[in-house]
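With this note's numbering applied, the sequence shown covers 1 to 165.
If you are wondering where the hints come from, they were derived from the structure by calculation, not from laboratory data.
Each statement offered as a hint is correct.
Simulated DEER-style distance windows between Cβ atoms:
| id | residue 1 | residue 2 | range |
| --- | --- | --- | --- |
| 1 | 130 | 54 | 52 to 62 Å |
| 2 | 69 | 131 | 28 to 38 Å |
| 3 | 16 | 38 | 28 to 38 Å |
| 4 | 61 | 129 | 34 to 44 Å |
| 5 | 109 | 130 | 20 to 30 Å |
The structure displayed is predicted, hence computed values, not measured ones.
All C-beta atoms in this analysis are idealised placements derived from N, C-alpha and C, irrespective of residue type, glycine included.
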Amino acid sequence: MGLTGLRRSTHKDDLSKSSKRKIEKKLNFITKITEAVTSLGAMKAISKKKRLRSRQKKLKAYDLSVLSDFLPNESLKKPSRSTDFKVNCKNRQKLVQKESELLRYVHSHPAFQADPISAIQQHLEQTQPPPPVETRGSNKTKKEKRKRSKKSASVQNMEIMYSSS
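Input sequences plus hints: build the corresponding full structure.
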């Protein structure tokens, strides 16, 4: 039967021009895709580096460790009384004894026995810090001063009007 020659042969030599073109197009497409993927990978790496650099610059801008050199040293400060004073029964009893001894001493003092109120007032004046000294100039701006003077002038005008009638 003579139908055996109708089928195409699958040998490479026997490929037609159109099938060769299709294969070339597919190969070109695949090479373009691989090039695009590699270039995208490189672009991602570059953008990642840029982001890291900008983040580091921002961190440098907010770095305040340089200012710590100008601040006073914490070790030079006077150590305050221990704030971790535990209030248990033993410590409470010691405190009560100490305060009651002090109270007995105050009651037996001759100045307190003569005039208790003035003795307390004198003690407070000696132990309290002095009041802050006010500066001569005021902190108000010129604008605020003008507003006040205008208000007071209008009040004076109203008083004159009511007093004259």
